[in-house]
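The task is simple: from the sequences and hints, build the whole structure.
Chains as they are written, first to last, in my numbering: chain D, 1 to 130; chain H, 1 to 348; chain V, 1 to 384.
In short, the hints are calculated from the structure, not lab data.
Accuracy of the hints is not assured; some may be wrong.
As the list claims (entries may be wrong) - Interface residues of chain V toward chain D, partial, derived using beta-carbon atoms under 8 angstroms: (1) Y68; (2) G138; (3) L147; (4) R150; (5) A151; (6) M196; (7) L246; (8) I252; (9) E256.
Positions of the beta carbon are idealized from the N, C-alpha and C atoms, including for glycine.
Now for the letters of each chain:
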Amino acid sequence: MTTPSRYWREIPQRYRLEANKCKNCKTIFFPPRLVCAECKKRDLVAIKLAEQGEIITYTIIRVPPRQFVDQAPYAVGIVKLDDGVNLMGQIVDCEFEDLKIGIRVKIEFRKIFDEGESGILCYGYKFVPE
Amino acid sequence: MEGIVGYGACIPRNRIKVEEIAKVWGADAPSYKRGLMLEEKSVPSPDQDTITMSVEATKNALKRAPIDPKEIGAVYVGSESHPYAVKPSGTVLAEAIGATPEVHTADFEFACKAGTEGMYVALNLVKAGEIKYGLAVGADTSQGAPGDALEYSAAAGAAAFIFGKENVVAEAVDTYSYMTDTPDFWRREYQYYPQHGGRFTGDPAYFKHIIGAGKGIMEKAGMKPSDFNYVIFHQPNGKFPFRVGKMLGFEKKQIEPGWLVSKLGNTYSGSSPLGLTATLDISEPGDKILIVSYGSGAGSDAFIFEVTDRIKEVKDLAPRTRELLDKNRNYLEYGEYAKFRQKIKKAD
Amino acid sequence: MREVAIIGVGMTKWGELWEKSLRDIYVETALLALEDAGIDKVDSMYVGSMSSGLFVGQEHIASLLADYLGQANIPSSRIESACASGGLALRLGYLEVASGVSDVVLVGGIEKMTDVSGHEATYALGTAADQEYEGYHGMTFPGLYALIARAHMEKYGTTREQLAMVAVKNHHNGSKNPLAQFPFQITVDSVLNSVMVADPLRILDCSPITDGAAAVVLYPAEMVKKKDKPMVKITGSGHATDTIALSSRKDITWLEAVYKAAKQAYKEANKGPKDIDIIEVHDCFTIAEICVLEALGIVEKGKGGDAVEEGMTSLKGKIPVNASGGLKAKGHPVGATGVAQVVEIVKQLQGNAGERQVKKARVGLAQNMGGSGGSSVVHIFERE
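Dropping the structure here:
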């Protein structure tokens, strides 16, 4: 569930994977932070995340929240991107049996859900096995 | 000289065969396959739509065009299946590639010709010196009414073209458009499926306009069919492109590289544009390509392109169209297809 | 800081309590605790509740419940830390008595979850996760633990059967608890054949949707007059947080918040894992119990599954875990869980646990956790 303004505010992250990186300790944050959670410094520079990585864990959701009832069952996992950042997202365009920890995936722009028949369409990133 | 600087395609991986659809409606599959020269069509996953395919096709185009998206001055999406009735597809695309906020965006609509419509405008803005680069996408997730002839061919796909004056891959030699008011195929507001005029969609519609535009552009450019290496026509089914090609004086071998419909279906606004990306994929420097689109309502846009040396460098910087068509296909049964296309929905 | 004793506990039967509203359940339970303590006026109250707003549309419940309990005008606070709301309410009540600010503090926890549909409840529970970067993608609460389970199985070889054994053990214990939502036994087979919720977790790996409350009364130990029951004191209290987003954790299989909270509690109580006789842990999902055992230092990293399989944590084992039936069999009215854990430990330490009594239990530990490990509260209790 989301609202037009909450959806719109996260567009730079959802559409373009805009993150930031601590100049001091080099930790990358997605979504971007005002203060580094590692070294507490406040000097972070804008970067974009890598668009490929490997699956480090996954599950198949069979009892979904209301917005995702039409989609279930669907796979969601955490992917370690090639720049070291972990990202959670749905894994699509593959059979559930083929899912394994370690397989390589790339990011694609897909529709995540819609707010019912008359609400806004919510887009973002999903993972597709390479 | 202005022309295509980058091009890219997006084709969903799901397919459904003619036999599978025919089985459900008790139709004679072999005669549909023969009559339409069609074997199977692409089906978008529920999370794919005109907007998502436009973004992926454009990302591929950007892989081939070495430009900063912020330099794109216009973003146009042509489709007859824009996800919103009111709210542009183009702004989502522009935002996703990072072209905003200094950019002109518009959604185009003209049945199957909406893609080349956007291409015409983007190209001419570049030519006029108004913008440095222009992006035009033809994309559709078209719907055919269940059991209707169009159900066998209505498919999904997208092709994106970035136009500019530097690092051109294919120069735009000439353009020509031919339009009339012809009610061959239409959809009223609040109707879910389109309607069409049966055999009226043939000679007075498809053939008249493609021939009009084809003859018109060749006369304007002082060229004849044999001057071209390749020609691409709008592909509503497998037969029409060969028939209209023959009528204009083209040979089969000029049409074949861009003829995707038998395995792809009719991707509507993506149809001739995807034929163009597939042709560019196999072209050589110096090749002359003619593309003539067709949109019901009705009209055709024609373009002549001449391939430059740069094609060799960029061809494989992104997946080729035929690769997207052939690789990793996932065949659906009718039930799953109907669910994906929202012809049947879960009760609330 | 002065020592704090628990002088009364209260809990009623948990389950789908259609006839009772949130107010009814809380007041009934809190009155039992007050009666048990021999107290009729409290100085202050802390109520743990994750989401009375989303479940029954009611916020401001600290005031509402103080009023309905007949405790006019007292300072009353509603504490929220997802599923650790109850445990955190206990900690804050403990600090208020220990610091000398109040003498009699009532700590309760309540959740009324059955007035909304299954999808709504799933959504409400899911608000413990990161809404924009986990919930947005269709992640659910069971889904988060399923991600942890798969990673744990991959890294340490924990098996599907070991996960099932946690549920079987807890149901065995719960069958001896008259207040439990599901007081019956189950088998490993029934777990492995139950319907899949989020691979690899099945419905019998998951704690249920429950209505219920629990309450305890805190009092300065030095002021307790001689009683018929042995006095139970809170001797250690710890609290820590972690990223709520699983993808921001350094090690998905490790519960850092539990580890840090436990470390703080152990230090205050001057105890270590080996000194604990009985534990109530937060088994919202079977995998959670395994990971918590490791984070509490009861077993080494990765050995949680083996510990359950070997019977180390069964009722007659070396260190019984979840003698009450745990969240799995007892139920999990979110805000109440943390307080119910305390009720069980107190009963056990005072020899009042009936058929599930663990003999000679002197030192107990309760571990409560929010979301996928974004917060944890650990308390240590000792009988005089």
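Going through the hints against the structure:
For V/Y68, the suggested interface contact is broken, since its CB lies about 31 angstroms from the closest CB of chain D, more than 8 angstroms. Because the closest C-beta pair between V/G138 and chain D is about 4 angstroms apart, less than 8 angstroms, the hint holds. Interface restraint check: V/L147 against chain D, minimum CB-CB distance 5 angstroms, threshold 8 angstroms, status holds. Against a cut-off of 8 angstroms between C-beta atoms, the interface hint on V/R150 holds, since the closest Cβ of chain D lies about 5 angstroms away.
Checking V/A151 against chain D by beta carbon gives a least distance of about 4 angstroms; that is within 8 angstroms, so the hint holds. Checking V/M196 against chain D by beta carbon gives a least distance of about 5 angstroms; that is within 8 angstroms, so the hint holds. Given hint, V/L246 at the interface with chain D, holds; its Cβ is 6 angstroms from that chain's nearest Cβ, closer than 8 angstroms. At a threshold of 8 angstroms, the smallest CB-CB gap from V/I252 to chain D is about 6 angstroms, leaving the interface hint in force.
About 13 angstroms separates the beta-carbon of V/E256 from the nearest beta-carbon of chain D, more than 8 angstroms, and the hint is not met.
In the structure shown, a violation is registered for the earlier hints numbered 1, 9, in ascending order.
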